[in-house]
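A.B. asks: Following the hints, complete the assembly by docking chain U with the ligand onto the known chain F.
Residues per chain are reported as follows:
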Amino acid sequence: MEQLSAKELRDGIAAGRISSLEATRAVFERIRRFEPTIGAYLSTCQDMALERAADVDGRIASGKTVGPLAGVPVAVKDNMCTTFGATTCASKILANFHAPYNATAVERLLAADAVIVGKANMDEFAMGSSTENSGLKQTVNPWDTTRVPGGSSGGSAAAVAARLCFAALGSDTGGSIRQPASFCGVVGLKPTYGRVSRYGLVAYGSSLDQIGPLARTVEDAALMMNIIAGHDPADSTSVDEATAPVCDYLQKLDEPIKPFRIGVVPQFAAGADEQVQKALSEAMEIYKKLGAEITEVEMRHLDYAIAAYYVIATAEASSNLARYDGVHYGHRTANPNDYVEVYSKSRAEAFGQEVKRRIMLGTYALSSGYYDAYYLKALKVRNLIRSDFSAAFEKCDCIMMPVAPTTAFKIGEKVNDPLQMYLSDIYTIAANLAGVPGISIPCGSDDRDLPIGLQIMTPTFAEDKLLRIARMYEKETDWHKKEPRLAND
Amino acid sequence: MTNVQYKVIVGLEIHVQLCTKSKMFCSCAVEFGAAPNSRVCPVCLGMPGVLPVMNRQAFEYAVLVGLALDCRIPMFTKWDRKSYYYPDLPKNYQISQYDLPLAANGFLEIPLESGGGKKIGIIRAHLEEDAGKNLHTAGNFSQVDLNRTGTPLLEIVTEPDMNSGAEVRALATELQRIVRFLGVSEADMQKGHMRFEPNINLIITKDGAEYRTPIAEIKNLNSFRALERSVNYEVRRQLDEFLETGQVMEMGNKTTRGWDDEQEVSVLQREKEEAHDYRYFPEPDLVPVELTPEWLQQIRSRLCELPLQKQMRYVEQYKLSDYDAGVLTAELSTAEFFDEVVRDGAEPKRVCNLLTQTGLKIANEKGCTINNLGVTPEGIAHLARMVEADTVSSSSSVSIFEVMVETGKGPEVLAEELNLIQKSDAGELERIVDQVLAENPGAVEDVTGGGKKSKKARGFLLGQVMQKTRGQANPKVVSDILDKKLD
Ligand SMILES: [Zn+2]
Numbered sequence: 000m001e002q003l004s005a006k007e008l009r010d011g012i013a014a015g016r017i018s019s020l021e022a023t024r025a026v027f028e029r030i031r032r033f034e035p036t037i038g039a040y041l042s043t044c045q046d047m048a049l050e051r052a053a054d055v056d057g058r059i060a061s062g063k064t065v066g067p068l069a070g071v072p073v074a075v076k077d078n079m080c081t082t083f084g085a086t087t088c089a090s091k092i093l094a095n096f097h098a099p100y101n102a103t104a105v106e107r108l109l110a111a112d113a114v115i116v117g118k119a120n121m122d123e124f125a126m127g128s129s130t131e132n133s134g135l136k137q138t139v140n141p142w143d144t145t146r147v148p149g150g151s152s153g154g155s156a157a158a159v160a161a162r163l164c165f166a167a168l169g170s171d172t173g174g175s176i177r178q179p180a181s182f183c184g185v186v187g188l189k190p191t192y193g194r195v196s197r198y199g200l201v202a203y204g205s206s207l208d209q210i211g212p213l214a215r216t217v218e219d220a221a222l223m224m225n226i227i228a229g230h231d232p233a234d235s236t237s238v239d240e241a242t243a244p245v246c247d248y249l250q251k252l253d254e255p256i257k258p259f260r261i262g263v264v265p266q267f268a269a270g271a272d273e274q275v276q277k278a279l280s281e282a283m284e285i286y287k288k289l290g291a292e293i294t295e296v297e298m299r300h301l302d303y304a305i306a307a308y309y310v311i312a313t314a315e316a317s318s319n320l321a322r323y324d325g326v327h328y329g330h331r332t333a334n335p336n337d338y339v340e341v342y343s344k345s346r347a348e349a350f351g352q353e354v355k356r357r358i359m360l361g362t363y364a365l366s367s368g369y370y371d372a373y374y375l376k377a378l379k380v381r382n383l384i385r386s387d388f389s390a391a392f393e394k395c396d397c398i399m400m401p402v403a404p405t406t407a408f409k410i411g412e413k414v415n416d417p418l419q420m421y422l423s424d425i426y427t428i429a430a431n432l433a434g435v436p437g438i439s440i441p442c443g444s445d446d447r448d449l450p451i452g453l454q455i456m457t458p459t460f461a462e463d464k465l466l467r468i469a470r471m472y473e474k475e476t477d478w479h480k481k482e483p484r485l486a487n488d
Numbered sequence: 000m001t002n003v004q005y006k007v008i009v010g011l012e013i014h015v016q017l018c019t020k021s022k023m024f025c026s027c028a029v030e031f032g033a034a035p036n037s038r039v040c041p042v043c044l045g046m047p048g049v050l051p052v053m054n055r056q057a058f059e060y061a062v063l064v065g066l067a068l069d070c071r072i073p074m075f076t077k078w079d080r081k082s083y084y085y086p087d088l089p090k091n092y093q094i095s096q097y098d099l100p101l102a103a104n105g106f107l108e109i110p111l112e113s114g115g116g117k118k119i120g121i122i123r124a125h126l127e128e129d130a131g132k133n134l135h136t137a138g139n140f141s142q143v144d145l146n147r148t149g150t151p152l153l154e155i156v157t158e159p160d161m162n163s164g165a166e167v168r169a170l171a172t173e174l175q176r177i178v179r180f181l182g183v184s185e186a187d188m189q190k191g192h193m194r195f196e197p198n199i200n201l202i203i204t205k206d207g208a209e210y211r212t213p214i215a216e217i218k219n220l221n222s223f224r225a226l227e228r229s230v231n232y233e234v235r236r237q238l239d240e241f242l243e244t245g246q247v248m249e250m251g252n253k254t255t256r257g258w259d260d261e262q263e264v265s266v267l268q269r270e271k272e273e274a275h276d277y278r279y280f281p282e283p284d285l286v287p288v289e290l291t292p293e294w295l296q297q298i299r300s301r302l303c304e305l306p307l308q309k310q311m312r313y314v315e316q317y318k319l320s321d322y323d324a325g326v327l328t329a330e331l332s333t334a335e336f337f338d339e340v341v342r343d344g345a346e347p348k349r350v351c352n353l354l355t356q357t358g359l360k361i362a363n364e365k366g367c368t369i370n371n372l373g374v375t376p377e378g379i380a381h382l383a384r385m386v387e388a389d390t391v392s393s394s395s396s397v398s399i400f401e402v403m404v405e406t407g408k409g410p411e412v413l414a415e416e417l418n419l420i421q422k423s424d425a426g427e428l429e430r431i432v433d434q435v436l437a438e439n440p441g442a443v444e445d446v447t448g449g450g451k452k453s454k455k456a457r458g459f460l461l462g463q464v465m466q467k468t469r470g471q472a473n474p475k476v477v478s479d480i481l482d483k484k485l486d
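If you read the sequences in order, they're chains F and U. Going by numbering that gives the first Met the number 0, the first sequence opens with residue 0, and the numbers climb by one from there. Going by numbering that gives the first Met the number 0, the second sequence opens with residue 0, and the numbers climb by one from there.
Keep in mind that the hints were calculated from the coordinates and are not lab data. Heads up, the beta-carbon is just placed ideally off N, CA and C, and yes, glycines get one too. Watch out, some of these pointers could steer you wrong.
Unchecked claim - Pulled from the structure, derived: some chain F residues nowhere near chain U, Cβ distances all over 12 Å:
no., residue
1, E50
2, T64
3, L249
4, R322
5, D324
6, A364
7, N415
8, D445
As the list claims (entries may be wrong) - To give an idea of the chain U side of the interface with chain F (calculated C-beta under 8 Å), a few residues:
no., residue
9, M46
10, I94
11, R278
12, P287
13, T291
Here chain F stands alone, though its shape is the one from the complex (with noise of 0.2 Å):
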């Protein structure tokens, strides 16, 4: 059963072929066998999960009607709010924090009926990209035990990679859905900013993060796009349906998009590893014999969008994290002897290296005298950013390039390293900056039989048109279906 695509699960479940509980209970039991070793979880939800799978079974054999992830297994990243267990993001501050609501996305994914089983590992509020930041729990990648899952979502691509759910939510910020998601041979979408509800997600960089899912097919990213995608009036940034109507992302799916042109960046995407660039001519070849016309683009701007990224965002973030202060929630300091030590040893006790890195990189961007070097700098590139992608999308339909320069790396390879690791999100950080829509999908394995991915980009609000070219590849290979080969499997 754990072989099934959510799509074909929730078709099963939903014809009366497959129990939900059923399901429910096998994720639970791969969970007991396997999440010893990989760690995806920060906490799961067996009673709950085993009762909402039991009634969705219940209402399906009455007749009733069901949503339209009724009884699917699915993660959600543990920066979503739930009214369910903690909702850590995986840092010691929040370790004990129990949110009196759900996010916008979960309550949709509830509203789908689908049964949540657990909150997904990642990086402290999903700053990393390897998930070795967490401050709760170490993630590792289900290919290979010894290496990093990609971040910051790593939790919810390793899940989804080892199959302890049928599909999962993850938050991208500079990349954090499509890198794990390449790392662990799965499906992960950045959707276009606006269009998912980021009411409930705790905020990174909040011009920049956007929710989105990882799963094992392009068909199940589009059906948890359905869930999760439209408007939310608990959130200014989300678009409303007149400027960009949400469509049924299933629909038109298998319908191939022809002709159509793909842009490419090649002095762009010769930093990679020649192993990824390989897998990525490879899947060129494919889209050429679909039909696919490439053709070169010019996007001057991207080389400065680690450097744009890293000043917004964490400028965002120094904001954003400036509320975890010990007063109304979180953890607190023991027998502090005034206000102001309750925030700052409060602080430097519960946050890790990383978070304040970037807190003190964002609190300097915004300083008195720095504002207009920095932050106001890094504004004007990311609209320069901005038109490089308009510009190409006259050109092209879609822009493709790796997800990462390199397949999942070492354990500890890169913690010492900030500048090292930070350059793992080079490809995927101009589609944040943009506000674009980016997938990753499965397009090969290097020698050490290691997932790579394929990242495509398509102009905002189009995802549809971005899942029927990912689907159309998706047809024509089988990289999707491969699955890692679990110890005691």
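C.D. replies: Using the frame of chain F, we list chain U with the ligand on its own:
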């Protein structure tokens, strides 16, 4: 003795709490005096993951004030985060407006005691969210009440155009009248709906040379009295300090002072204006506000005649005294009531007397506004016309007004019931006068005889007529008849 002259320079920062039903960025009720932390939600508590949603009403109220202050209203404004750590600020940043306020470059005209008005420049007005309150009532720790957190505040900054404590007070009072007239704030000082921070310094001329004293900002004043007195105190203090130390304004020597209401002194809080870095940056969780001409027009249509305009019109058009016109325009409800009575055709001066001498007195006693007394403008217009037509006397109109409030009956019915209708029918009164004269030949003789008894006798005869008519005779008419008969 050296020759010292000085000029007072004051600019004012005012925070006005807008009377929206819900808070600035969430749907919690704005309520005063509720149990601590009972008017809060994840958004105003600054919980992880929450997002603000702008209260359109608050924005419109703020723009309306901007229009009333003759400000330029930009079609594009945005929100910014202002960062500082304080326990009453759950996010440790305040959503405010930094470089693109929703209103700028206006003025407010204040009435001067010497008569006439003076324009005070308005630099800017912007919206922001209020913080909560720290309570220091418990032992070794403080508590925080976040009910007030997120309440919409309009911050208005004036030019340093005021030159005395009285002018500062006049501006504050005038602004209170304006926001009440516009219906955008209750402006209740007791509830902290208006808070003031004056910036004061002096230009001193001594022996022909000019000196500027260091600016002092007095924080958080919440009464007109404290505002005026603190400015006056600060003027004396700065003069004394200058004469003693010669200290003049320079970069970074602005001080912050607090006002001790008991001792009536200002107290130094911060020696040097720290270069406080609020690290402003655009609020990424809110979209900028783009006004359309239609939306702005819709807001503009809610502008009414402003209190000072109205006051001046009453003086010019109705020949009311400035004082009376001021009383009538102190509250919008009074002014509107007055306007309606006048529109019903009553003579303005008469209506003014009825309202200021009787109506407002009763309203005050009852602790309500004049429109809530249970009397209609038509009723009062009718009463005014009865006085006008001598149907009732001025003094009777007071009792009629009072009973109208008590019973809700109309003035005509009450005048009958209370036997307060004046007899002005000359024919009928002449018969009664004749009767009285016939009954009191002695008094008639005293009057016609002239001499020192004459005046008293005449008064006696008038009194007899009034007695026979049980007070309902119009004394003026009776007097005229007596004059005619006894000449
Ligand atoms: Zn609230």
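A.B. asks: Find the hints from earlier in the document that the structure breaks and name them by number, from lowest to highest.
C.D. replies: 4, 5, 6, 10, 12 and 13
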